[in-house]
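Trainee: Top to bottom, those sequences are chains A and B.
Sequential numbering of the first sequence, starting at 1, is according to the numbering used here.
Sequential numbering of the second sequence, starting at 1, is according to the numbering used here.
Don't take every hint at face value.
[To be verified] Derived pair list, reagent style DSS-like, types lysine-lysine, alpha-carbon separation capped at 30 Å:
#1 A:45 x B:175
#2 A:45 x B:87
#3 A:50 x B:85
#4 B:19 x A:45
#5 B:12 x B:87
#6 A:50 x B:87
#7 B:12 x A:50
#8 B:87 x B:19
#9 B:87 x B:175
#10 B:19 x B:85
#11 B:19 x A:50
#12 B:12 x A:45
These aren't lab readings, by the way, just hints derived from the structure by calculation.
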Amino acid sequence: MEKIILQFHTLEEALLMGDHGIYVWSTYIITGLVFSIFSITFSWKLRNLKEDE
Amino acid sequence: MKNLLLPLISVKEYLNLNKMIYPYVLFLGIFFMLLGWIVGLLFAPIDAVQGHSYRIIYLHVPMAIYSQLIYWFMAIWSFSFLIWKIKIAPSMILSAAYIGCMVTFLALLSGSVWGIPTWGTWWQWDARITSTFILFIMYLALLTVNNSFQNTNTADQITAWIALVGVINIPIIKKSVDWWSTLHQPASISLTTESSIDLSMLIPLLISIIGVGIFLFSLGLKVSRWVIYRRESD
């Protein structure tokens, strides 16, 4: 088993990840946005239903 | 035993339990999901072949697993509805369809982005990707059909049948990389055989799978609450 240690020494290195940072980070950011929008939408729908009642 | 099963049968009991556990499940889900992703993104070692692009695995694999597991969940509820007419079942099927649709979309999206640096293409009509795309269409069709009927009983019956028939696609997705020659690699982790990835990469992956699962469960609690209230108000 290889060691689980911090792989990047600077923030720039972590963001760039060689040439792959754009693919990796964009995927996680879009997923975070989708989760947030999905959760907020259903919270809003729930609140609206309760207000109607 | 009866007390344990009551929330699965009684809508009122289910809603009480749902409201009680929701904040704890949400907190646990976010905690483990972020822990898995942070360790995977920043601490797991680089892959010798794929470089850093493999780090999408900590998002893609959990999404792919749950896109199929949620369909099984839906199929079991459909079966229970068609056989035993369990009252809460249609709400569970519909809630799972909303979550499953989003998760399958994210599995396809993360796979496509991963494909660009790895395969040189974001899409290929190979067996695994096509069968997952069909799964996404199944979720969409289920939601569309359920919302297009005025009569709730008819909508519930047809939705349950679609969910049951569509379950045939799940083993096809699972076995597609073994049955056909595909661009998609075979499974890296398995319950029955030794995993093909190093433990240092596997640990954050398992944490991500658990975290995403708990988080999706919390979303399911919220969505099912809305579905039940909406059906009651109709």
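Trainee: Against this structure, judge whether each hint is valid.
Mentor: Results of checking the hints against the structure:
1. A:45 x B:175: 38 Å, violated
2. A:45 x B:87: 22 Å, holds
3. A:50 x B:85: 27 Å, holds
4. B:19 x A:45: Distance ~16 Å between residue 19 of chain B and residue 45 of chain A Cα, so the pair holds.
5. B:12 x B:87: Status holds; Cα separation ~11 Å.
6. A:50 x B:87: Within the cut-off at roughly 22 Å; holds.
7. B:12 x A:50: 16 Å, holds
8. B:87 x B:19: 19 Å, holds
9. B:87 x B:175: 34 Å, violated
10. B:19 x B:85: 24 Å, holds
11. B:19 x A:50: The hint holds at about 14 Å.
12. B:12 x A:45: 20 Å, holds
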